[in-house]
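Dock chain one against chain two, each of which comes alone in its own frame, and use the hints as you go.
Listed below are the residues making up each chain.
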Amino acid sequence: MIAAIRAELVKIFRRRVLVITGITTVVFAVGSAALVLASAEPAGGRFSDRGATVESLSGAGGGTEVFTTAVSFAGTFLFVLFVGVVAIEFSRGTFRTMLIHQPRRIRLLAGKTTALLGLAAVVLAVTEALTWIAARAFAPTKDIATGRWLSADALGQAVADYGSVLFWVSGYALLGTMLAVLVRSVPVALAIGIAWAGPLEHILQDAWGPASRYFPGLLLEAFVAGGTSAVSATRAFLTVTVYVTLAAAIAATVFSRRDVTA
Amino acid sequence: MAAAYGDCMNTKQTTPALVTHDLTKRYGGRAAVDNLSVEVPAGVVAGFIGPNGAGKTTTMAMLLGLVRPTAGSATVLGSSLDDPGAYLGRVGALIETPAFWPGLTGTENLRVVATLSGHDTRRIPEVLDVVGLAGRGGDRFGAYSLGMKQRLGIAAALLGDPELLVLDEPTNGLDPVGINEIRQFILELADGERTVLVSSHILSELEHVSDWLIVINDGSLLYQGPADGFLGRVPTTIALAPEHPGDLDRLSALIRADGHDPRRDNGALTVPVDEDDAKALAAALNKAAVAHGIVLAELHTRRPSLESQYLAAIGGER
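Respectively, the protein sequence lines represent chains H and D. With my numbering, you'll find the first sequence wraps up at 262, consecutive numbering, no jumps. With my numbering, you'll find the second sequence wraps up at 318, consecutive numbering, no jumps.
Just chain D, same shape as in the assembly (with noise of 0.2 Å):
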């Protein structure tokens, strides 16, 4: 089911950000991740989709040298799995909760990894800005709530100015406002030079900010390539419902006329089409059934959404 890699063609940059060969992890017979093999171009924002315990945070977790592959290998940044010392250093990331002192200070507690990654400690006040807390840097990280203690993790991220910027669930304890205001940051983050790869099962977090998908299922690879191959994969439709049921069939025969194939869907009918086609279609569909006395009760066009599209993809897998 995973997409062929001669799809990154339309790539902002030729050289991957990120490769695995059949990573694997085991806990004891266990497959948490089970031969991997993915490709992330630089440039790109990268959303890794699956439900809880699919493997994102091990595959995140293995990539970031904290956790070992059982078997297969990886590079990052260029730089081999094996020596994360080597790409640490351009990478940025938060992964599970952010975890940091308590009884420091959110400046203090920057000042803390800044000191350990070599960071320049003098962007501290720049990375808080971005997050969103520069007038709480002074509050004991222990006083934090849990969006701004996600703040103070993607601040941290941020320190380094990394080439490759790994965020697992990003938006985890953020309100609605908080969670837009990520999305808004990753874009800004998507400068076409840094990589982002950040991972949600929240599906439609990640549907308008990813140009590059990468879709697991209990640690195996589903697809991976161009968000829009993925979300091509499930037809747009037009949704036709008359004000009289009585017309369905009327409106049903004019439909086929035209050369299409409705479905019926609880008394309405539903058009495949092409998306760039759907707006004119859905106007000359109106049309002939107000020439042919059929008022409608409901005209709209139904895009696939990423989450329409994994459950497609998780119900193909089983």
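Pulled out of the complex, with its shape left as it was, chain H reads as follows (with noise of 0.2 Å):
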């Protein structure tokens, strides 16, 4: 499995993914905090239900809620980002490639895995950090006041916040990975993963109740969003932990008896 993480590696460390990666990071943070902090409210306010309120945000873990808040918009993306990442070593044959280099195809597809959640650890951890800057320099703007953000209990929200989405994150990329080994084709893998992390979930929770309690996608955001009033954030984090297991052992069921031929 190492050697499928190095090789994996081998393709991350380009300078073109790394200034790509870089640029969209460094965006994605400046950009996402100055919009959670524009619209954040005061709490009661008519729309202060919907994501990080002004008095929330001048808390110790306010610094890190707005990484949480921008990250959780991002869902969608990321779930597509990895069904497309796994799909395309399919529809590009380059998955022949490899397992003629590696046939342990468990260990390669854990590699690849494992390679791609890491890369996605450094640039949450470095996103964190760059929206954290980001929003203290913005914070004045609304009024918010940052005093705690330095303190002992900040560092621990955190840390606190960084598990969570990083955990958000792995869910995301297990299923999506799952996706991707059943279908094998991008553009196949890329409609049901956006019509199903996208609009479907939501709309079958407004027909069903339920749905919160059970959808992957819906539990995920409950998760990140510390639960909701439908379910709770230990329970999100056990179903979740059920289903990103099962997706795994799917998905390294499949791929390691299905025929490679294309």
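For the record, the hints were derived by calculation from the structure and aren't laboratory data. Hints are not guaranteed to be accurate.
Stated by the list, open to error - Simulated restraints on C-beta separations:
1) H:Pro-210 <-> D:Gly-78: 39 to 49 Å
2) H:Arg-257 <-> D:Glu-307: 34 to 44 Å
3) D:Asp-175 <-> H:Ala-121: 25 to 35 Å
4) H:Thr-261 <-> D:Asp-129: 30 to 40 Å
5) H:Thr-261 <-> D:Thr-121: 26 to 36 Å
6) D:Thr-70 <-> H:Ala-160: 50 to 60 Å
All values derive from a computational prediction rather than experimental measurement. We treat Cβ as the ideally placed atom computed from N, Cα and C, and that holds for glycine.
Laid out in structure tokens, this is it:
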């Protein structure tokens, strides 16, 4: 598996990839911090239940709440990104090339996923730091106090927020990987992924109340939001863990047994 | 129609590089490979011949662990097909079209596969040089021509200095110069130690490089054995044509008088001969014709080609 991780890192650690990732991260961090702060309202405001409030942002976890709030809007994007990254290896035939050089299929898939999650972990850490810096710079424009953002409580909250977001990303990554392994076609996988993680779950949620407790995308949203009125963060975490474990098992089983003909 | 395996006595080593027993792959009701039992001795260049859709790529994909056989078994370099990890480190392969990451350079692509397989990345410049891409390793794969992509695929196959090289249609997309280079390259690789299994549906490509042949059609074996054995199934012939068509009967009688059995073929005569006797007999027939006042407008030896043999084999099978 180490060889598979290292091989994936050869693809990742290229100047072009690093520059694009770096620019995207900076733009996302600065832009999303500005948006989250601009949309923050005092508690009790008309739309205050839809995002961070001035009061919550003034707390110890305010600096990293900007991060979790911003990232939570990128769920569908992350999902389809992982779907695309894995499915394209099938449609390009590069899984065939890789399997000739690394026939231990589960190790290959696990190594690839681990490397991508490792990249995601680094990007998230950088994003959290940049978001915090940008938010601190923009905070005075909304009269948000940032004095508690440098406290020990804030550090603990930052670690907890980072862990939550990393779990949330890992959930999307593994569900996306499973979908890509099952479908093997970039356009079909993306169509299914976007339709499901985007509108479908939310439409079904309106029609069927318990959907919030069972649909993986909604559970991931609930988890990263720290729980909702329909499902607690703990229940969301446990249910998603079951889904992700099943997704990993299905992906590994299918990938290890299926003919690679493309 | 398959030749007995006893024919492999003149091969260079005794341990086979590849053995398949009733290897079968079915897709639904259709057998892509049907009870294929072959044996490739180590150290030979084995031509794997068949038309498009004959089952060559599927067979190779099974040997490389990409496709699961429906039935049958096989060993590659002495290890069972059930555990490709046990032998693929000693196998280099190019199967179907070369598939790499278009955004990566040739060198970066080779670094990915070398890292994946645990091969020494310091061999990358060497293998790029071997396939004639020494100056283009820094170019993006997406910008390569089809021929360059094919070469990079071969370079990837060579990274581990493999004991067995499996090349599926390696000249696809190459121009005549490139095809000739690949042919020479295969001959250079065939050092008596390395086994090369190379498939093609363009039979002339393999005619001069293969010392072992596996011929299949519709997933079934038509022939396996030394290339000479396959080529020797249709005799060499001498073709003669008199300048004046009216001399054809006299010429035919002359040849019969010499103990041969000429056949008419569009105003000419063909005489089956042993390959070794062809030159001397052609000279003798020429002298005899001149002595009897017959001017020959055509006199040449027709050696059997792989293509003619293959077509004859297909015809016999059908």
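Checked hints:
Taking 39 to 49 Å as the suggested C-beta distance range, the pair H:Pro-210 and D:Gly-78 does not conform, at roughly 58 Å. About 40 Å separates the C-beta atoms of H:Arg-257 and D:Glu-307, a value consistent with the hinted range of 34 to 44 Å. Taking 25 to 35 Å as the suggested C-beta distance range, the pair D:Asp-175 and H:Ala-121 does not conform, at roughly 48 Å. Between H:Thr-261 and D:Asp-129 the beta carbon distance is about 33 Å. The supplied range of 30 to 40 Å therefore holds.
Checked against the hint of 26 to 36 Å, the C-beta distance between H:Thr-261 and D:Thr-121 comes to roughly 29 Å, which is consistent with it. For D:Thr-70 paired with H:Ala-160, a C-beta distance near 53 Å keeps the hint of 50 to 60 Å intact.
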